[in-house]
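Asks: What follows is the residue order along each chain.
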Amino acid sequence: MSAILRKIIAPGGIPAWGIRVIASRTYSSSAGGKEMTVRDALNSALDEEMSADPSVLLMGEEVGEYQGAYKVSKGLLDKYGPKRVIDTPITEAGFTGMAVGAAYHGLRPVVEFMTFNFSMQAIDHIINSAAKSNYMSSGQISVPIVFRGPNGAAAGVGAQHSQCYAAWYASCPGLKVLAPYNSEDARGLLKAAIRDPDPVVFLENELLYGESFPISAEALDSSFCLPIGKAKIEREGKDVTIVAFSKMVGYALKAAEILAKEGVSAEVINLRSIRPLDRATINTSVRKTNRLVTVEEGFPQHGVGAEICASIVEESFEYLDAPVERITGADVPMPYAANLERMAVPQVDDIVRAAKRTCYRSVPVAVNA
Amino acid sequence: MAATAFSASKFTQSFSLNSTRSVDRPPLFPASHPLKTTPSSFLGSTRKLSLSSPSSSTSRHRRRPCRSPAVVAVSEVVKEKKSKSNVSLSNPLITKEEGLELYEDMVLGRSFEDMCAQMYYRGKMFGFVHLYNGQEAVSTGFIKFLKQEDCVVSTYRDHVHALSKGVPARAVMSELFGKTTGCCRGQGGSMHMFSKEHNLLGGFAFIGEGIPVATGAAFTSKYRREVLKEADCDHVTLAFFGDGTCNNGQFFECLNMAALWKLPIVFVVENNLWAIGMSHLRATSDPQIWKKGPAFGMPGVHVDGMDVLKVREVAKEAIGRARRGEGPTLVECETYRFRGHSLADPDELRDPAEKARYASRDPISALKKYMFENNLASEAELKAIDKKIDELVEDAVEFADESPLPARSQLLENVFADPRGFGIGPDGRYRCEDPKFTEGTAQV
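These protein sequence lines are chains Y and H, in that order. The UniProt record's numbering numbers the first residue of the first sequence as 1 and each following residue consecutively. The UniProt record's numbering numbers the first residue of the second sequence as 1 and each following residue consecutively.
Hints were generated in silico from the structure; no laboratory data involved. Remember, it's a predicted structure, so these values are computed and weren't measured experimentally. Careful: at least some of the hints might be erroneous.
[To be verified] Below, simulated DSBU-like cross-link-like pairs (lysine-lysine); rule was C-alpha separation at most 30 Å, straight line:
#1 H:Lys-383 - Y:Lys-71
#2 H:Lys-369 - Y:Lys-74
#3 H:Lys-292 - H:Lys-316
#4 Y:Lys-74 - H:Lys-196
#5 H:Lys-229 - H:Lys-369
#6 Y:Lys-79 - H:Lys-144
#7 H:Lys-387 - H:Lys-292
#8 H:Lys-368 - Y:Lys-83
#9 Y:Lys-83 - H:Lys-369
#10 H:Lys-124 - H:Lys-96
#11 H:Lys-124 - H:Lys-147
#12 Y:Lys-79 - H:Lys-387
#13 Y:Lys-83 - H:Lys-229
#14 H:Lys-222 - Y:Lys-74
#15 H:Lys-292 - H:Lys-147
#16 Y:Lys-238 - Y:Lys-288
#17 H:Lys-369 - Y:Lys-79
#18 H:Lys-387 - Y:Lys-83
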């Protein structure tokens, strides 16, 4: 059930290799509360963990003098110096493998991929060197490493720069795969990832870096950290469960607002962790709402939504009142043309329509784009 | 040609064993040739290249004429070295104890691998088993110079590297048998030997995969010294790989980074002339791998990998250089494997004459001969070592055979650092526990 859409939600923009600043959108009212961009959340998490543990280092292309291709590592070179914030040559296989070797031998490297698309050049080391070593060595060699960078569709950058790798990495034992949505997620999950003794794939989203979210005092504390493997119920509801991660959580929340006006109470689950997957939270929610919609930017076949559906069918089949609905990216490489690109990624309307279908509400037929 | 010689000599200067080196000599060759009576000369691929008329063993390789000038340089050096080799026989390069240690390690490697072949054919081990026979001088010559804290990163041909690094034969054999007493409790296998205690960081089954990991281990040594202020951390990493790997991008990526950051690593190429069935000469535009060192700003050394004493001399210099913080070295050890690529390889492409030529240069026989000629050991002493190793290998087999298979519960262990990990629980259902190490501070 690939997304076929008609309405423009994402702000148009010139595809650019660099920072994309997006008008700040806030999804929950927080009069007077503190706000923080996802970029600053990631930056502060890196900063605090590097400050707390001298064996943490950051390595990647343009992370140092350039301050990060998306400025996530801004200021860290000045603070920690070139021995801990390391500008690498453009050699993904080489520096990723090297970071894995450093992790074997006692350091805690954070590897930044300029985008996760480039991790394809290094996937051998992520899977074969990092994910499998603890098992192959029977627990002798643990690999405390974080692979992070923007994942998923950006805007106008074409097929090779617009792909979601959540399902790829989440299918591999030995990896933990995290996908933050807001600033609290970004801080709490990145800090957890760096402290974790295992390899973590940390999937950020380019289009979220510039967004501001309210952030609590608790989340700003340097000891703050989120559990790996636990989803968060972002919005409670009783009629339908919408499961999403990363940028799609924002879309799901928007959809829930629209649905609420039409009398449908949607529960929105922010997965946070793709692997391990919090099956318990998802199943509990579906047993309550009896309906499920999954949303992801990735391809449909063998995707994260497919895994969630399998879990529901296995564990909560008798609770379902309607067929599950999967909203995913279209089953094609990402097209360049802006109108085609819009049709290839899920939009808020797709989620609204799918949720209504599960509730047997009438849904207007999608207009051709 | 001139440029090549110049760049090579430039890097020689910081890396010379003796001060009398001429300008056109490539970096570091052992000053003497300890095994002077070795019947066939150390030439291997380079001899084949320097001959313009195709001989029976080389006729299948077509070569462009433009390669020959580069080869002449090595030939000259080889000649020069050979002429010098007659000089210093009266002064043996090793003590008796050192000689016996080298001999024992090489015999252990050989006997262990021969036993592996037997056990493989008897169905005691399975999958791909790559044996090291013929290359022992490289493992022994290098690894016996290391400290326990130094790292070794190997390939799929890793049993003997593990043994040289001190992993007990019992643990290696048991691993091959897939037993729970193996060095990785049967979870690694032939191509994935690990030992944290001995700083053996694998066993990598893919071409080129181990090189970045080794570079990372070397990076860690430097990081510990310079950032974590562990002043005494002078640990060195050896990365072993073959001639086929030298055409893989990760090799070049890591030569660059290691030289760029002056990492304490030695890249040890075990050039056995064949990547399964692909001749080195048929796969590589310039077959002199050592020349790639100077191209990246590090010394490149070509050494006779069938001569443990020469390997040892180069190893001493290169490891010392790394330990002193002077950066990486690329060492090309020209060697030969006496068996097929793996035990599943019919080995039909290598010329019998070529095999015979190298068989006659067996590194173990050569060392034996050297020790006799220099009165470093008696026949009886070496026989005693042979016997001891035979018993040790027999014992390893018995131990492995009697050891238990991994318990069913072990299947799901060690996926993550917390042995409970995530995954399928004992009840067969997916388990998403929240082990302590991932507990956050926030209520969710």
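Asks: With reference to the structure, classify each hint as holding or not holding.
Replies: Right, here's what the structure says about each hint:
no., hint, verdict
1, H:Lys-383 - Y:Lys-71, "67 Å, violated"
2, H:Lys-369 - Y:Lys-74, "64 Å, violated"
3, H:Lys-292 - H:Lys-316, "21 Å, holds"
4, Y:Lys-74 - H:Lys-196, "36 Å, violated"
5, H:Lys-229 - H:Lys-369, "47 Å, violated"
6, Y:Lys-79 - H:Lys-144, "42 Å, violated"
7, H:Lys-387 - H:Lys-292, "42 Å, violated"
8, H:Lys-368 - Y:Lys-83, "48 Å, violated"
9, Y:Lys-83 - H:Lys-369, "50 Å, violated"
10, H:Lys-124 - H:Lys-96, "38 Å, violated"
11, H:Lys-124 - H:Lys-147, "33 Å, violated"
12, Y:Lys-79 - H:Lys-387, "61 Å, violated"
13, Y:Lys-83 - H:Lys-229, "12 Å, holds"
14, H:Lys-222 - Y:Lys-74, "25 Å, holds"
15, H:Lys-292 - H:Lys-147, "28 Å, holds"
16, Y:Lys-238 - Y:Lys-288, "7 Å, holds"
17, H:Lys-369 - Y:Lys-79, "61 Å, violated"
18, H:Lys-387 - Y:Lys-83, "52 Å, violated"
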